[in-house]
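Residue numbers (the numbering used here), protein chains in the order written: chain A, 1 to 206; chain B, 1 to 206; chain C, 1 to 206; chain D, 1 to 206.
A hint or two may mislead.
The list makes no distinction among identical chains, and a pair is therefore deemed to hold if it is satisfied within one copy or across any two copies.
In silico DSBU-like cross-links for lysine-lysine, where the CA-CA straight-line distance does not exceed 30 angstroms [claimed, not checked]:
| # | residue 1 | residue 2 |
| --- | --- | --- |
| 1 | K111 | K54 |
| 2 | K159 | K27 |
| 3 | K173 | K133 |
| 4 | K2 | K173 |
| 5 | K27 | K2 |
| 6 | K54 | K27 |
| 7 | K173 | K54 |
| 8 | K134 | K159 |
| 9 | K134 | K2 |
| 10 | K133 | K27 |
| 11 | K46 | K133 |
| 12 | K2 | K111 |
| 13 | K19 | K46 |
| 14 | K133 | K159 |
| 15 | K54 | K133 |
| 16 | K111 | K19 |
No lab work stands behind these hints, which were simulated from the structure alone.
4 protein chains.
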Amino acid sequence: MKNWSQFLMPYGQAVDELKLKFRALRKVYQNQGEHSPIEFVTGRVKPVNSILEKMQRRYIREDVLETDMQDIAGLRIMCQFVEDIYQVADLIRQRNDMTVIEERDYVSNSKPSGYRSYHIVIEYPLQLIDQEKKVLVEIQVRTLSMNFWATVEHSLNYKYQGEFPEEISERLKRAAEASFMLDQEMSEIREEIQEAQRYQYDQQQG
Amino acid sequence: MKNWSQFLMPYGQAVDELKLKFRALRKVYQNQGEHSPIEFVTGRVKPVNSILEKMQRRYIREDVLETDMQDIAGLRIMCQFVEDIYQVADLIRQRNDMTVIEERDYVSNSKPSGYRSYHIVIEYPLQLIDQEKKVLVEIQVRTLSMNFWATVEHSLNYKYQGEFPEEISERLKRAAEASFMLDQEMSEIREEIQEAQRYQYDQQQG
Amino acid sequence: MKNWSQFLMPYGQAVDELKLKFRALRKVYQNQGEHSPIEFVTGRVKPVNSILEKMQRRYIREDVLETDMQDIAGLRIMCQFVEDIYQVADLIRQRNDMTVIEERDYVSNSKPSGYRSYHIVIEYPLQLIDQEKKVLVEIQVRTLSMNFWATVEHSLNYKYQGEFPEEISERLKRAAEASFMLDQEMSEIREEIQEAQRYQYDQQQG
Amino acid sequence: MKNWSQFLMPYGQAVDELKLKFRALRKVYQNQGEHSPIEFVTGRVKPVNSILEKMQRRYIREDVLETDMQDIAGLRIMCQFVEDIYQVADLIRQRNDMTVIEERDYVSNSKPSGYRSYHIVIEYPLQLIDQEKKVLVEIQVRTLSMNFWATVEHSLNYKYQGEFPEEISERLKRAAEASFMLDQEMSEIREEIQEAQRYQYDQQQG
Chain A
1 MKNWSQFLMP
11 YGQAVDELKL
21 KFRALRKVYQ
31 NQGEHSPIEF
41 VTGRVKPVNS
51 ILEKMQRRYI
61 REDVLETDMQ
71 DIAGLRIMCQ
81 FVEDIYQVAD
91 LIRQRNDMTV
101 IEERDYVSNS
111 KPSGYRSYHI
121 VIEYPLQLID
131 QEKKVLVEIQ
141 VRTLSMNFWA
151 TVEHSLNYKY
161 QGEFPEEISE
171 RLKRAAEASF
181 MLDQEMSEIR
191 EEIQEAQRYQ
201 YDQQQG
Chain B
1 MKNWSQFLMP
11 YGQAVDELKL
21 KFRALRKVYQ
31 NQGEHSPIEF
41 VTGRVKPVNS
51 ILEKMQRRYI
61 REDVLETDMQ
71 DIAGLRIMCQ
81 FVEDIYQVAD
91 LIRQRNDMTV
101 IEERDYVSNS
111 KPSGYRSYHI
121 VIEYPLQLID
131 QEKKVLVEIQ
141 VRTLSMNFWA
151 TVEHSLNYKY
161 QGEFPEEISE
171 RLKRAAEASF
181 MLDQEMSEIR
191 EEIQEAQRYQ
201 YDQQQG
Chain C
1 MKNWSQFLMP
11 YGQAVDELKL
21 KFRALRKVYQ
31 NQGEHSPIEF
41 VTGRVKPVNS
51 ILEKMQRRYI
61 REDVLETDMQ
71 DIAGLRIMCQ
81 FVEDIYQVAD
91 LIRQRNDMTV
101 IEERDYVSNS
111 KPSGYRSYHI
121 VIEYPLQLID
131 QEKKVLVEIQ
141 VRTLSMNFWA
151 TVEHSLNYKY
161 QGEFPEEISE
171 RLKRAAEASF
181 MLDQEMSEIR
191 EEIQEAQRYQ
201 YDQQQG
Chain D
1 MKNWSQFLMP
11 YGQAVDELKL
21 KFRALRKVYQ
31 NQGEHSPIEF
41 VTGRVKPVNS
51 ILEKMQRRYI
61 REDVLETDMQ
71 DIAGLRIMCQ
81 FVEDIYQVAD
91 LIRQRNDMTV
101 IEERDYVSNS
111 KPSGYRSYHI
121 VIEYPLQLID
131 QEKKVLVEIQ
141 VRTLSMNFWA
151 TVEHSLNYKY
161 QGEFPEEISE
171 RLKRAAEASF
181 MLDQEMSEIR
191 EEIQEAQRYQ
201 YDQQQG
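The following block holds chain A by itself, in its conformation from the complex (with noise of 0.2 angstroms):
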């Protein structure tokens, strides 16, 4: 049997370190000033049942547990607008302190669920006591009102092991909708809030 608490002190410690470091750059863009495309940053580690249960269902042996799932560090990162998303991609990929491994883009093409969000994988170097050791970590990025409606679905999803009922079926889409427009909605009044919010900076430090 693995010891857990020693397999997985790796992965806390890069989530910390990357909730650190994105939540620093969210405080450069305010001190300049700017808009920030980071709105917050949440991290965790998967809890160990739940690895258990996707080496089950996804037929991942323990020894490439490492490589193949890559999801056991999982950072978020939420955006106030949808074109935060892909700024904040772009600063993922230009950083030296991470490799970038994998993209998916689901935001601009959702799952057929509704689902939309933006996922990078990456490799972190992580320093321990006497080597180095890359972990990977499966950033997500994506809106208040996406992250809102994925945290929805994945309540419903655990329960119904993605066979939902016609009538949620329906709500959820519905739901989905909704959070899109409301996406929409916002992007469009966009600039005229970053112009909005720069303002209120000059006005507070003059």
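Chain A is already provided as a structure; the job is to place chains B, C and D on it using the hints.
Just chains B, C and D now, with coordinates in the frame of chain A:
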């Protein structure tokens, strides 16, 4: 001239204690496998320049600042569902460590601008080094999508001082409608979601 | 079998609130340019296996755990000078948000082992979701060098169950003497230091 | 006039990342039931007025501040035993995410004042929004009792600018001796303590 750092210190302390207390409530619900009416909590002390600006605008004298400006300390509690807002208000009313001074329900009666939120002003007893001091704190309770809209409106309002150009005013209204629709869709799907969350918890415990 | 996670939750919450409150006091002193009797604050909830071990050793039944085991929640306040310890005890006695239940002065009357610390057991009212609950918390107040010695003695005691070999016992006593001497030298230099700290503060403000 | 808030931001970020990284090391040792050479970690960015004062005193021009003032970002690592200090220095040297620029051993060769500490200046690569930036950080490694003494000496030095009255100078020396003796007693008892800590860990694991 006021020593602002000294004056604002108790407000900062009140905000810190209240953030801790309401975040602890969330953990209690989660630990019991129940839906938490509290999704997340933020807080802030009003910046000095905003206090000065509001003093001028509302004709508030410095010597009555503590009683007449109720939002120097501000807490924001975000909820998943509209129904949770009223449950959070109940939670606040029945606590022994604070006293409700005033309530304003802009959820049932949204402002003409489209603004929705539930405001509660409390009096919070704070233990200083050698005495107890009561400070006022404004708690705003809202759903995630109310919060999203309000953030945007706040930025724009700051610039235009409430005198929005026609086009922006129209867009803000459409965004408010999209936000309202999202909340409604979520409310309808709510019981289903909560049952699913309980199910998810039981599975993870089991 | 007890649901420990549920049982210990209020204790964790009490520790969190008290850490926040005593750390805030320190900031108040610093902000006023005065010597803070509180240097730093740590806290912990007793681990389940230590609770079980102590129940056996002291014949404490599970149904009287809340009243008969006073250190399930523990706070430690570290001071720069011996004199600060008594000032911290005063601060605790005059607060309205907790009640002192018991005090034991192992500073003036050190234990035969050499252990020195001031112990205060308080009753702390905690606001749960639907009721108030009073929990006992043990606060240990000590200088940095008392703390250093105590940490070491605790580790050794755990192994030898109080039955130290002669040589170790001798060494512990010599360390206790060195720790005591350091505290004494510091006390004598104390007024000088405090005046210097006030001077430093005035310069930094000016 | 320099925009200090902008200039100091990367230093603050470096301090935050390094605190997180060294605290994580401590957890790794604890998780393995081994003695951690790191007891606790603090950090700070030098206040602007101290930077200005040091620029004057040392004739450092603003344009060479980044290279010529090595302690704008400062980290302090506290150890239980003198021996741990050298182990921490080893840990720092073998890391890939920082480069050692300079080392000064005031532990083996204490300053005439009685000051003891191990100083390491590192270069730390920081990822900003659009580029990498290397910042200097001074890491001071010391035992708890060295730290206690140094804090006191710092306050006094600030006031007297190094010109201590005879009596104070004498007292500081006696305190330095008491601090040194405490460290020596602890070192002699060290192997015993570490074995006891391993024993305690094994028992708690069951």
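Now the hints, each set against the structure:
1. In the homo-oligomer, the alpha carbons of K111 and K54 lie at most 30 angstroms apart inside one protomer (20 angstroms), although the nearest pairing across protomers, at 47 angstroms, exceeds that limit.
2. Taking identical chains as interchangeable, the C-alpha atoms of K159 and K27 lie at most 30 angstroms apart only when they sit on different chains, with a minimum of 22 angstroms there against 39 angstroms within one chain.
3. In this homomeric assembly, K173 and K133 never come within 30 angstroms of each other (Cα to Cα): the closest approach is 42 angstroms inside a single copy and 45 angstroms across copies.
4. Proximity of K2 and K173 under a CA criterion of 30 angstroms is satisfied in neither setting, with 41 angstroms inside one chain copy and 44 angstroms between copies.
5. Proximity of K27 and K2 under a CA criterion of 30 angstroms is satisfied inter-copy only: 19 angstroms between copies versus 40 angstroms inside one chain copy.
6. Proximity of K54 and K27 under a CA criterion of 30 angstroms is satisfied inter-copy only: 26 angstroms between copies versus 36 angstroms inside one chain copy.
7. Within a single copy, K173 and K54 get their C-alpha atoms as close as 26 angstroms, which meets the 30 angstroms cut-off; across copies the closest is 44 angstroms, which misses it.
8. Proximity of K134 to K159 under the C-alpha cut-off of 30 angstroms is found in neither arrangement, the shortest distances being 34 angstroms within a copy and 39 angstroms between copies.
9. For a Cα distance limit of 30 angstroms, the shortest separation of K134 from K2 inside one copy, 20 angstroms, qualifies, whereas the shortest one across copies, 39 angstroms, does not.
10. Taking the shortest Cα distances, K133 and K27 sit within 30 angstroms of each other both inside one copy (29 angstroms) and across copies (17 angstroms).
11. In this assembly of identical chains, the alpha carbons of K46 and K133 lie at most 30 angstroms apart only when taken from the same copy (19 angstroms versus 33 angstroms across copies).
12. In the homo-oligomer, the alpha carbons of K2 and K111 never lie at most 30 angstroms apart, since the shortest distance is 35 angstroms inside one protomer and 45 angstroms across protomers.
13. Taking identical chains as interchangeable, the C-alpha atoms of K19 and K46 lie at most 30 angstroms apart whether they share a chain (15 angstroms) or sit on different chains (25 angstroms).
14. Proximity of K133 to K159 under the C-alpha cut-off of 30 angstroms is found in neither arrangement, the shortest distances being 36 angstroms within a copy and 36 angstroms between copies.
15. For the identical chains of this complex, K54 and K133 are intra-copy neighbours only, at 24 angstroms inside a copy versus 40 angstroms across copies, given an alpha-carbon limit of 30 angstroms.
16. Taking CA atoms no more than 30 angstroms apart as the test, K111 paired with K19 passes inside one copy only; the shortest distance there is 27 angstroms, against 37 angstroms between copies.
Hint compliance for this structure: hints 3, 4, 8, 12, 14 are not met, and every other hint is.
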